[in-house]
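2 protein chains.
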Amino acid sequence: MAEDYDIDGFYHGLIEHELILPVGVAGAFGRGAVFEDVIDRFNDRVSQLARDDGAETRTFPPVMARKVIERNNYLESFPHLCGTVFSFFGKEAQAREMAQQALNGEPWKQHLDVTDLCLTPAICYPLYPTLGGTLPPGGRLYSLLGWAYRHEPSPEPTRMQSFRMREFVRVGAAQDVLAWRDMWLQRGLTLLQSLGLQARSDVAADPFFGRGGRMMATNQREQRLKFEILVPVISREDPTAVCSFNFHQEHFGGKWDIRTADGAVANTACLGFGLERIAMALFKTHGFDVAGWPREVRQLLWP
Amino acid sequence: MAEDYDIDGFYHGLIEHELILPVGVAGAFGRGAVFEDVIDRFNDRVSQLARDDGAETRTFPPVMARKVIERNNYLESFPHLCGTVFSFFGKEAQAREMAQQALNGEPWKQHLDVTDLCLTPAICYPLYPTLGGTLPPGGRLYSLLGWAYRHEPSPEPTRMQSFRMREFVRVGAAQDVLAWRDMWLQRGLTLLQSLGLQARSDVAADPFFGRGGRMMATNQREQRLKFEILVPVISREDPTAVCSFNFHQEHFGGKWDIRTADGAVANTACLGFGLERIAMALFKTHGFDVAGWPREVRQLLWP
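These protein sequence lines are chains A and B, in that order.
Under our numbering, the first sequence is numbered contiguously, ending at residue 317.
Under our numbering, the second sequence is numbered contiguously, ending at residue 317.
I should point out that these hints are in silico values taken from the structure, not numbers from a laboratory.
These numbers come from a predicted model, not from an experiment.
A couple of the hints might just be wrong.
Copies of one chain are not kept apart here, so a pair can be met inside one copy or by any two copies together.
Stated by the list, open to error - Straight-line C-alpha distance at most 20 Å; calculated SDA-like pairs for lysine to any residue: (1) Lys-123 / Gly-104; (2) Lys-105 / Glu-166; (3) Lys-81 / Ala-305; (4) Lys-81 / Leu-35; (5) Lys-81 / Glu-32; (6) Lys-240 / Tyr-88; (7) Lys-81 / Pro-121; (8) Lys-123 / Asn-87; (9) Lys-269 / Tyr-156; (10) Lys-105 / Gly-210; (11) Lys-269 / Pro-308; (12) Lys-269 / Gln-207; (13) Lys-123 / Glu-84; (14) Lys-240 / Phe-302; (15) Lys-240 / Arg-59; (16) Lys-123 / Phe-103.
Looking at chain A on its own, in the form it has when it is part of the complex (with noise of 0.2 Å):
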């Protein structure tokens, strides 16, 4: 099967054998049993390679401030990926107005206003704000799980609008930070390719918005901000990011003013495994049934 890369067929591979469940909307399918078992699976594996780090676990819910959101400047650079939560503030006739338009299949989201919530677009992103003031020496590193939301509507599978990161944050100096995100890089590449994948890492770019993000985006790659580990799923020629690395330098640390021990503003990373597209990945290349997996890989994952 490894060889084929039919997109539609892999999805519909997908439904048949109840690993996803369509729902009626592009990337928001459920996850069967086997699916999340997986997903499990791999995330105790990720967990394992991680415990003796002393990484604090923080668990943040998928919706976060609007006004982070705003400071961050996230609109400048995603704003066709970001969601926003808006809800009703009107009384019982508005109300009423509102529930018969919607089962009339008539709009009703002009009773709608805006809350001060956003869907989380990357899972790190409530965090940094709770970090203000002074790191102790050496900085600290933080373990986070959660639902990420990008307004990416598509039927390709990997392409979803809301998915799982298992995700680790270093703050500190420049130097730690990067020596850290060098060692999680091959911690990466060596886990996947012990699951039997294909992964290869490679400089990357965001997705950036518009004329304006190419800029950014070559700009990221010039810098060496961003790695990614691949892994074909959909296609050989443009295999699928199932792993990201990202260093920010300053960016949350100034805006958020995070200081390191000797005062200076902290520099930070992030690395995340899709969780989602990782399972993806384990079931394109060794097929829909894990009972037929490779005995190496069903022993890493069911020890």
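Knowing the structure of chain A, use the given hints to seat chain B on it.
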């Protein structure tokens, strides 16, 4: 501590002990490592209780099809709680204007339009549309864990905008569904009491909107369609619902054409443990430091 119901003091205690992390929006706080560990351990106990029930796991994202919300009449009952995802569909010049307005702290909502997604208000909602057709004899049982959204910002810590539910959903003949609901009502009570919580069950009603909602609530109570397990967390007189049991009769079965093996419209019931609320009930009852919790409670959670 258990006898003192100072809401503000409890909220600040949770923050001081890094159990929750404020993010600038009420009810959308982050969760610290110990808080998460308590949730994980409690959830493990629930899984342990259910291990021989044969539930199938399904996982749905924190967003779901707006059309399903519309067809479920959610807006008739809870127009005030619903969150709808808006996004940007424009081109570059408009994106630049929006980003600049956001950066200046000016309104930018006028650039957004409605998407096909709402925030998932109850984590079993996305399941029912996937169940259309004929059930096997005896019906089906599902296990779900996910994030729910309710637009009710509040400084009261147990009233969250975004929170997790561990749910089970039973689909089948009315008598099977009801017997299962009754079995779990006792199971839930026994579990929560074994953890030292002053838990009791009661008939309940949903927070339906407006005057029309009062009639719906009365009807729901009279038919005994909803039960809750209550534990004092922020008040002795008004204990907090930490677990709810809902018998939907043929509502979802009829709406999504779910049939029992003998061709009748299926009945459904769901039950959900409010994971954050249960963690808060444990911290309120046993103190902010888990090391000081009663030995029998610790042994149950960390066996």
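Just pull the numbers of the violated hints for me, sorted ascending.
3, 5, 10, 11, 12, 14, 15
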